[in-house]
Each structure stands twice: as structure tokens, then as C-alpha cells.
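Trainee: Based on the sequences and whatever the hints tell you, model everything.
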Amino acid sequence: MGKYALGMRMTRLVAKTLREAPADAEAISHRLLVRAGYIRRISSGVYSYLPLGFRVLRKIESIVREEFDAAGAQELLLPALQPIELWEETGRTKTMDDVLMRLEVRGADFVLGPTHEEAVIATVAQDIASYRDLPATVYQIQTKFRAEARPRFGLLRTREFIMADAYSFDADQEGMRASYRAIFDAYCRAFDRLGVTYYPVEADAGSIGGDVNHEFMVPAAIGEDHFALCASCGYKANIEAARRAAPEAEGSVAVPEMTEISTPGATTIDSAVAMISKAGYPMTSADMLKTFVASDDQGRLALFLVPGDRQVRLPHGYSPLDGDAFAGHPFLYRGYVAPMGMQARKLKVFADRSIKVARGWTTGANRPDTHVINALIGRDFEVDEFGDLVVVEDGDACPQCGEPLSLVRSVEAGHTFQLGLTYPEKIPSARFSAEDGSEAMYFMGCYGIGVSRLPAVVAEVTSDDQGLNWPISVAPFQVHLVAISHRRDPEVARVAEELYSSLGAAGIEVLFDDRDLAPGVKLNDADLIGVPVQLLIGPKGIASGVVELKRRKDRIRREVTVEDAQSATISLVAELFAEL
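Heads up: take any position in the sequence shown, counting from 1, add 116, and you land on our numbering.
Hints are computed from structural coordinates only; laboratory data are not their basis. Ideal Cβ positions, reconstructed from N, Cα and C, are used throughout, including at glycine. Be aware that one or more of the hints could be misleading.
[What the hints assert, rightly or not] Straight line, CA to CA, 20 Å or less: simulated PhoX-like cross-link-like pairs of lysine-lysine:
| id | residue 1 | residue 2 |
| --- | --- | --- |
| 1 | LYS638 | LYS132 |
| 2 | LYS406 | LYS472 |
| 3 | LYS638 | LYS669 |
| 4 | LYS472 | LYS210 |
[What the hints assert, rightly or not] Distance ranges between label pairs, derived from CB positions:
| id | residue 1 | residue 2 | range |
| --- | --- | --- | --- |
| 5 | ASP140 | ALA443 | 36 to 42 Å |
| 6 | ALA139 | GLU290 | 51 to 57 Å |
| 7 | GLY661 | ARG603 | 20 to 26 Å |
| 8 | PRO380 | PRO436 | 23 to 29 Å |
| 9 | ARG547 | GLU519 | 44 to 50 Å |
Mentor: As C-alpha cells, then:
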């Protein structure tokens with residue numbers, strides 16, 4: 117507690133509460149953090165932290181730092197400004213081009229780092245050059261930058277943000293898994309202390325890379341992510357990585373010969389279904405093959421097949437072919453592409469596992485204004501590789517137990533990755549001398565927590581209709597002492613000043629509302645600011661020898677004598693910590 121000023125008078129506090137939220141504030145956390153005097157907007161996606169907000173930020177940093185330290189990680193600090201050559205070495209100037217902030221300084225090119233894998237290898241490689249130096253895990257709490265196209269929701273999606281990112285280095289895969297487990301467990305302890313409900317879920321590695329990874333998701337109504345959850349067996353996965361139990365392929369069935377149907381102008385699933393049904397072949401979108409054309413990072417084309425009533429999930433590294441690109445491939449007719457004969461054109465065909473079902477499909481005919489019905493896999497078209505290519509929906513069967521999945525709207529608060537050799541394979545300096553004297557590559561892991569996003573995440577899930585409602589572990593102060601009419605009642609002023617001093621001397625962090633304002637304004641501000649314990653001192657209570665204690669989170673109130681006020685307040689603070 118010595119790291120924080122234990123007391124603050126609101127007459128000296130650099131913050132003013134606001135009656136109205138900014139017009140552009142969509143998220144509850146954005147509205148409340150601005151109104152309560154925690155943050156101020158400087159530019160789109162760029163925010164300043166006022167003293168209240170900075171105290172919350174520092175407490176979150178302390179929790180993360182303590183848990184990383186307990187896991188054996190060592191803190192360092194890497195530069196936000198990184199030479200672009202580091203990023204060119206791994207190819208991420210291309211794969212992350214859409215989010216990189218670039219700048220030129222006296223003829224040299226740099227990026228403002230959104231992440232630090234390249235920089236940490238360049239920094240520590242010479243200091244962990246032998247197997248005797250491994251395992252090693254380092255971390256930092258550092259400002260990062262992303263050229264976010266559409267910042268929104270206050271602190272939830274910004275262009276400048278603070279992350280706690282850790283990096284582990286091991287001699288082999290088994291060691292990497294042990295280091296990963298240690299930091300994974302540190303994450304769990306940190307989120308437990310933050311007082312929010314969270315779920316570690318299977319996730320997609322995205323531009324970071326690696327195989328095994330988990331996102332730490334906090335259910336929230338404002339969340340832009342979803343994860344699939346099975347209440348029966350506990351399966352959890354981000355929507356980008358979630359799988360469903362696909363129908364098993366049936367035995368051979370009699371499917372009539374593939375037949376062409378004229379469908380002029382029917383370039384969408386819905387228009388094709390309507391036109392083919394009107395022609396005397398009743399069908400639904402589930403009977404269609406939805407065919408996506410995509411290219412990999414080498415420009416090679418491939419087809420991806422999913423049922424017509426499902427959304428496709430393209431594998432990492434593939435991008436949909438846009439309208440202009442179709443013009444360069446005259447055999448591809450937009451709206452009428454089909455898998456028949458595509459292998460002969462050197463296109464690989466991928467399909468969702470559900471396409472294995474033995475049945476006739478309706479699809480394009482690879483020529484304008486024409487579809488086919490009764491296209492049968494193995495007879496009329498071939499699939500090179502099956503996989504999980506559909507976006508999971510509510511009610512899909514769990515891939516582990518078969519029970520229905522539900523989708524949970526959520527916010528990503530952290531991410532952990534087993535990188536393996538992803539970066540060492542690209543960076544020659546990521547090597548160490550093995551025990552047998554040979555040169556070997558590090559097995560790496562990386563781990564990120566969105567520190568500056570967490571105040572908003574916590575606010576989203578703990579606030580109520582009165583205002584913020586901080587868990588005591590991250591609240592800017594532990595006690596909000598509200599003196600009513602103290603300027604006109606000397607006894608109220610005396611008791612308030614004594615409790616402010618004695619609680620501070622006992623190590624309790626107190627925000628003292630000593631402003632000369634109406635009682636209703638002060639009480640409303642106390643609820644808006646959201647300190648977890650309110651200690652209310654007014655003339656009526658003092659006349660009876662009592663003060664009022666209120667638990668902000670559940671609004672439970674009780675009166676205690678003036679003599680017992682200090683001990684009762686300290687006990688309530690301890691009680692709230694015990695409830696985390």
C-alpha cells in the first residue's frame with residue numbers, strides 16, 4: 117500500500133464529475149469513466165488518465181507484475197521505437213501492414229511497436245546464448261501502438277495502449293509447455309484478483325503465430341468477440357477457432373444425374389434458391405454449396421466449400437478474392453463458381469467436414485447464369501482436404517460431447533501463445549549452444565494482457581445504474597468518506613477529519629469528499645465514482661452518535677457508533693478483499 121497516496125481530499129483532486137456523457141460514448145465503461153473523472157479523450161483512440169484512472173491503472177499493473185514475478189518472470193523494458201529491419205526479417209511488415217505505425221527519423225525507418233517478439237529476441241539473445249541460461253522468461257509493461265482503423269468504445273479499442281507482455285525461451289518443446297503453464301497459471305491468479313468472471317478459451321493465433329494458444333475472455337454485453345461454450349463438458353473456444361461436431365458421412369445413396377438449371381442474374385445464395393425453387397426444384401440455402409475463392413500469401417488460388425446457410429471461416433493466411441481480382445481469372449464467374457474440374461486448373465479444393473454427407477448439392481456451373489443440382493462429391497467433384505471451415509453458431513453440436521453449444525459475447529482481456537520455433541526459424545540470432553555443442557533454436561512462448569483495456573473491462577461487468585462499482589483490488593481508493601454539511605456543523609467536521617486521519621494512519625486509502633456541495637450531489641458522485649466502501653457522516657447521525665457504512669456493490673448499509681467507525685471500516689475493507 118505504500119506505493120499509493122493513502123488519502124486525497126476532493127477539494128484538491130484533479131477531476132470533475134460530469135452530468136452528461138460524451139455524445140460519441142457507446143460503451144457503458146466509456147460513459148462512466150469520462151463522467152466520473154477517470155479519463156479524458158485527446159484524439160480518436162488516444163486517452164489521458166486523470167489521477168483516479170491512473171490509480172486504477174497502477175493497481176492493475178501491480179497485480180500483473182506480482183503474479184508474473186511469482187511465476188519466475190523477470191521484468192525488463194523494450195523500446196517502443198523499433199527499426200523496421202527487425203520486422204522485415206520476420207515478414208511482419210507485410211502480414212501486419214494494416215496496423216503498423218511507421219515513421220522516418222533522419223532517413224531511418226522505424227515502427228512504433230504493436231508487439232515486441234522481434235525486439236525481445238534482438239535484446240536477450242546474447243544473454244541466453246547457452247542451454248545453461250535456459251529456461252528464461254522476461255516481461256515488460258509498455259506502451260504499444262496500432263493503426264486502428266476505427267477506434268471505439270473508449271479504452272476497449274484504441275490506437276495507443278499499455279500491455280503487459282511476457283516472452284519465454286526454452287531449450288525444447290517440453291520446457292516451452294512448462295513455461296507456458298507457469299504464465300497461464302499466473303494469468304488465472306491475476307484475473308481472480310481482478311474480481312471478474314473470465315474464461316480461458318482455445319483461440320486462433322492470428323498474426324502472432326504458433327499452434328497452442330488461449331484467449332482470456334470476459335463475458336460482456338459490449339464485447340465484439342464471441343466464444344463457444346458447452347455447459348455439459350466445458351469445451352470453450354473463440355468463435356475464430358471453435359469447432360462443431362459435423363454430421364458423419366452416410367453410405368452410398370442414389371443421387372440423380374447432375375442437371376443444369378438456367379439462373380440468369382442469380383449471383384447470390386438467396387436469389388439462386390428462389391429461382392431454382394420457382395423452376396420446380398424446391399430447396400433451401402442449406403442445400404446449396406457456398407463456394408469461396410481465396411488466395412494465400414503467395415497468390416495461389418484455392419476454393420473453400422461450406423453449406424449455403426453457413427458463414428465461412430477462412431484459414432489463416434488466406435484472403436477472399438475481390439471483384440477486381442476475378443477479372444484476372446476468366447474461368448471464374450462470380451456468383452457461379454463451382455468445384456467441378458478445378459483441380460485440373462491447379463486450384464486446391466477445401467471443404468467443411470459437413471460436405472462429406474452423401475447427398476446431391478446445388479452449386480454454380482462455372483459459367484454465367486447457370487447452376488447445377490444433384491452435384492455429388494466423388495462423382496461430379498473432388499475435395500482435396502476436409503477441415504473445420506464454418507463459423508460455429510448457437511445450438512451446434514459440441515465437438516467433444518455432442519451437446520448444444522452456446523455463444524457468449526465477450527471482451528478479450530489477454531492472450532497466451534506457444535510459439536514454438538515460429539520466430540527463431542526466421543531470425544538467425546535466435547539460437548543457443550545446446551548441451552552437445554550444436555546450435556539450436558529457442559522454443560518460445562509469448563503472453564499479453566491488455567493492461568489499459570482492463571479498467572474498461574472491469575467497469576463493463578461491475579457497474580450498475582448508479583455508476584462505477586470497482587472491486588476493492590483495483591479501486592482508486594478503498595473508502596469514500598462523505599461529510600454532509602461539515603462546513604456548517606463543527607462536530608461533523610471534527611469526526612470526519614479524525615476518521616480521515618486515523619484510517620490513513622491504519623493504512624486505508626481514503627477519498628475524502630470535503631467539498632461544500634449539496635448532500636444529494638455528493639452522494640450521487642460517491643455512487644458514480646464507485647469506491648467500494650462509503651463512510652457517510654452527517655448531522656443527524658452525529659447527533660445520535662452514529663455514522664453509516666455502505667457497501668457500494670450491493671448497497672448494504674449499516675450504522676455504527678462513532679467510536680467503532682474506524683474498526684468497522686477496516687473490517688469491511690478486509691471483508692471485501694476476502695470476497696474476491
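Trainee: Next, verify each hint and record whether it holds.
Mentor: The hints, checked one at a time:
1. With a C-alpha separation of about 12 Å, the suggested pair LYS638 and LYS132 falls inside the 20 Å cut-off, and the hint holds.
2. A distance of roughly 14 Å separates the Cα atoms of LYS406 and LYS472; the hinted pair therefore holds under the 20 Å criterion.
3. Between LYS638 and LYS669 the CA atoms are separated by roughly 18 Å; this keeps the pair inside 20 Å, and the hint holds.
4. With a C-alpha separation of about 36 Å, the suggested pairing of LYS472 with LYS210 is violated against the 20 Å cut-off.
5. Separation of ASP140 from ALA443 is about 40 Å and conforms to the stated range, judged on CB atoms against 36 to 42 Å.
6. Restraint check, ALA139 to GLU290: a C-beta distance of roughly 55 Å satisfies the suggested window 51 to 57 Å.
7. At roughly 21 Å, the beta carbons of GLY661 and ARG603 sit within the given window of 20 to 26 Å.
8. Checked against the hint of 23 to 29 Å, the C-beta distance between PRO380 and PRO436 comes to roughly 25 Å, which is consistent with it.
9. The beta-carbon spacing between ARG547 and GLU519, approximately 47 Å, falls within the hinted interval of 44 to 50 Å.
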